[in-house]
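Asker: What follows is the residue order along each chain.
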Amino acid sequence: MSTATTPTAAEAELAVQARQAAQKSEGYWAGVWKRLRRDPVTIACASILLLMLLAIVFAPLIAPHDPYQGSMIRRLRPVGTDNYPLGTDELGRDILTRLLYGGRLSWFMGITPVVLAFVIGSTLGIIAGFVGGKVNMAIMRTTDVFYAFPSVLLAVAISGALGAGIENAILALTMVFIPQIIRVAESVTQGVRNLDFVDAARASGASGFTIVRVHVLGNVLGPIFVYATSLISVCMIIASGLSFLGLGTKPPEPEWGLMLNTLRTAIYVQPWVAVLPGVCIFITSICFNLLADGLRQAMDVKG
Amino acid sequence: MAFYLIRRILYAIPIALAVGFVCFMLVQIAPGDPINAIVPPDAPADVVAQVKKDYGLDKPLPIQFGLWLSKVVVGDLGRSLATGRPVWADLATAIGNTLTLAFAASVIGFTLGCILGGLAGTFRGSAIDRSAVSFAVAGVSVPHYWLGMVMVVIFSVQLNWLPAMGAGPGGSADWAWDWEHMKHLVLPAVTLSVIPMGIVTRTVRGIVAEIMNQEFVTALRGKGLTRMGVFLHVVKNAAPNSLAVMGLQLGYLMGGSILVETVFSWPGTGLLLNSAIFQRDLPVLQGTILVLAMFFVTLNLIVDLIQTALDPRIKRA
Numbered sequence: 001m002s003t004a005t006t007p008t009a010a011e012a013e014l015a016v017q018a019r020q021a022a023q024k025s026e027g028y029w030a031g032v033w034k035r036l037r038r039d040p041v042t043i044a045c046a047s048i049l050l051l052m053l054l055a056i057v058f059a060p061l062i063a064p065h066d067p068y069q070g071s072m073i074r075r076l077r078p079v080g081t082d083n084y085p086l087g088t089d090e091l092g093r094d095i096l097t098r099l100l101y102g103g104r105l106s107w108f109m110g111i112t113p114v115v116l117a118f119v120i121g122s123t124l125g126i127i128a129g130f131v132g133g134k135v136n137m138a139i140m141r142t143t144d145v146f147y148a149f150p151s152v153l154l155a156v157a158i159s160g161a162l163g164a165g166i167e168n169a170i171l172a173l174t175m176v177f178i179p180q181i182i183r184v185a186e187s188v189t190q191g192v193r194n195l196d197f198v199d200a201a202r203a204s205g206a207s208g209f210t211i212v213r214v215h216v217l218g219n220v221l222g223p224i225f226v227y228a229t230s231l232i233s234v235c236m237i238i239a240s241g242l243s244f245l246g247l248g249t250k251p252p253e254p255e256w257g258l259m260l261n262t263l264r265t266a267i268y269v270q271p272w273v274a275v276l277p278g279v280c281i282f283i284t285s286i287c288f289n290l291l292a293d294g295l296r297q298a299m300d301v302k303g
Numbered sequence: 001m002a003f004y005l006i007r008r009i010l011y012a013i014p015i016a017l018a019v020g021f022v023c024f025m026l027v028q029i030a031p032g033d034p035i036n037a038i039v040p041p042d043a044p045a046d047v048v049a050q051v052k053k054d055y056g057l058d059k060p061l062p063i064q065f066g067l068w069l070s071k072v073v074v075g076d077l078g079r080s081l082a083t084g085r086p087v088w089a090d091l092a093t094a095i096g097n098t099l100t101l102a103f104a105a106s107v108i109g110f111t112l113g114c115i116l117g118g119l120a121g122t123f124r125g126s127a128i129d130r131s132a133v134s135f136a137v138a139g140v141s142v143p144h145y146w147l148g149m150v151m152v153v154i155f156s157v158q159l160n161w162l163p164a165m166g167a168g169p170g171g172s173a174d175w176a177w178d179w180e181h182m183k184h185l186v187l188p189a190v191t192l193s194v195i196p197m198g199i200v201t202r203t204v205r206g207i208v209a210e211i212m213n214q215e216f217v218t219a220l221r222g223k224g225l226t227r228m229g230v231f232l233h234v235v236k237n238a239a240p241n242s243l244a245v246m247g248l249q250l251g252y253l254m255g256g257s258i259l260v261e262t263v264f265s266w267p268g269t270g271l272l273l274n275s276a277i278f279q280r281d282l283p284v285l286q287g288t289i290l291v292l293a294m295f296f297v298t299l300n301l302i303v304d305l306i307q308t309a310l311d312p313r314i315k316r317a
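Protein chains in written order, with my numbering: chain A, 1 to 303; chain B, 1 to 317.
Chain B extracted, bound-state conformation:
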């Protein structure tokens, strides 16, 4: 077990390095000279020469990667071409906002997904099962950026209940847990929660249905255990795999929120990426992708470790 833990953590290191390499290559595959991706086009010649030397752009690719990596590891993601500020400065606030949104969306999505999936798996073939399955298919098939627009049309334009844009009154980007700010969170969070809700419903339904078919459940019923007692046994057996799926979904939410953030002008990483793409601000693009991907790698690792710790049936060596 301890050996597995160490090996799994060590295995994350080459993955993280390779992910870093892919992010590094993003600037290389971009059309044009990479130097234009690092300094603004109107920079004086001596600055260009200095940057070229700093980044080793005259050296072979592996050395460039090494130089880039040595900067990234200490948190230097370069400077934004558009604003001239360090990438990390804007990224830090944006990540906080995206985390808030992803967290709210996962609370909604996972709760509903577990309830729906659990009910559907327990009462297979019933009306609840059929509606849960249809709901899940709709959830994974819906273009969520469009759903966001529909939400705005209904709840902001027609009913005028909730704000359509931003993360706080007056377009403030700083988050606070009060009602004025929470109002702004409702629509994007509900919109973003639809996909994980569909996937969690599907997965939990499958897991619960499989457990309900096993003989030990029949035995528990046969010995006269209450419904609640049987339910607890099922939960205990379904938890590790369900948690694993939910953990990964949280990661997908972080990466996938770009479209929803664009619809609602939510000041998170998605909006940052969106404006970086439009201004061809490659340092911001690269830095944001790198941080989000690293977050996903770490989350993957944590999910694996928790799953191993939770489920004594998984014997890993």
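Just chain A, with the same shape it has in the complex:
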């Protein structure tokens, strides 16, 4: 019979439906990636950040001069000087070289506290949200106390008391962001905890740890991650701000905030050279901000 080789209309219909279903269930991450690809702003920001990252990682290869070696006879040259395309600083060091090297510390100090706070904050927040009761009380009321300080003030207070230094600045910034991440983690976890599939898992005898590992983590880490991404921009601004106050990096280490601080005395001589490190902070911060917005939309996170 011919029907054995050529499919009937009904069979063809089924095949089409199956193919459509397969396309629809291409997976969550594939969908996120598809939406991200269609978002030119996010792609542009991600590309700029990637270029910057490459530039600062390979700074020793592309930087034209030594970041520490200055010369008193070529202090504060303007932008566009031969050999010194972005001019020189108050000690005659090449600005372009120092911006490239400076990005390393600025990025490090902008991202490390958020990563640390993400790990510690989501752990505590998920515990608070999932366990509830007295544990929740203890964690969330402690969080309230740190919320009673404006972020910049808390960062300045802690690193001011501990004294200048990169480690102290990172510690202070981590302390600033942990409570913020705890709040987000706790509220998403509470939302997931009351869903039917968690009840079902509990009814089938799964332990608390298994429920968190299998059912909760996958549903809460996305939103917490998106929130943490949006904190990188703030963290970078405050971290460079601490260095600007003399609380983060110490001279002669190149770092954008500290460069702004030392070049501040030069704004009457070479104003446009003096503001260059701030341009770098601004570009990085705005790109991270827009990237976080794009991720939030692509991953369909509310808030």
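Bear in mind the hints are in silico, worked out from the structure with no lab data behind them. Keep in mind that this is a model prediction, so the values were computed, not measured. Glycine residues also receive a C-beta, built at the ideal position from the N, C-alpha and C atoms. Worth double-checking, as some hints may not be accurate.
Over 12 Å on every C-beta distance to chain A, these chain B residues come out as not near it, computed from the model [as the list claims (entries may be wrong)]:
#, residue
1, P31
2, A43
3, H181
4, M182
5, A209
6, R280
7, L305
According to the in silico footprint, chain A covers these stretches of chain B (three or more CB under 8 Å from chain A) [unchecked claim]:
#, segment
8, 145-155
9, 291-304
Got chain A; can you put chain B on it based on the hints?
Answerer: Below, chain B alone, put in the same frame as chain A:
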């Protein structure tokens, strides 16, 4: 309602105590013996011993905290190590100056933020909306200490229109509402207003857009109400949440002005903190942080109470 008010006010007390404890701990986490944070290093031995006894530094931490608290509550924040004067004396003028700056910045930031956010929320997807959103993103991403420097470069160095530093002619620290002083306020206030402007624009845009989508707005339009009439309804609905965000922003301005004050040498709490950090003057650092944080706690409380009073939809018990 009355019950909620009382409970909310009572809840602020443990928070304030805990905030005080964090400030107390600042001196404890500082490297070195806390005694060096209270008396100058060249103090005679009998003074050191006396202070040690006064502050109970030989006693356990909770008792030390109690002793410290009993002094703080009556307004004794200790003496500055650098100047030897009571911390409160310098702090009082500095707070006045910071309040002036924060207030001016919030007037600029909130006004522009509400206008931009309101327009963007009403005409979603339009050119106004897109530029307001870009403006808001730039506002929250800009390192404002750098923006301050750029302002100085443009308006002081290049154009020579406005002074770059201080709060008055001849570096005077006493504020007065005349043009000579106001000139000094313009640049720092505009610089400081950028962040709240961005955040208020974003928030108001979101709130207004949500209200505009609701059926009652369509109904108001349908019954033939004028644009102005609809606008008033939207304002009434958007006000409580918008005011809450603005109230908190005022608090963030007070705490966050340290960087802008440093750029413009504005004689406020930020500059005081900055010099305290450099001289490792821990009593000044601790006192300033404590007062600013308490201000923020109080502001939080007031915002909550006003929001509850304004919005009859919030039923709190």
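Asker: Please go over all the hints and tell whether each is borne out by the structure.
Answerer: Outcome of the hint check:
no. : hint    : verdict
1   : P31     : 6 Å, violated
2   : A43     : 21 Å, holds
3   : H181    : 23 Å, holds
4   : M182    : 23 Å, holds
5   : A209    : 14 Å, holds
6   : R280    : 8 Å, violated
7   : L305    : 16 Å, holds
8   : 145-155 : holds (count 7)
9   : 291-304 : holds (count 5)
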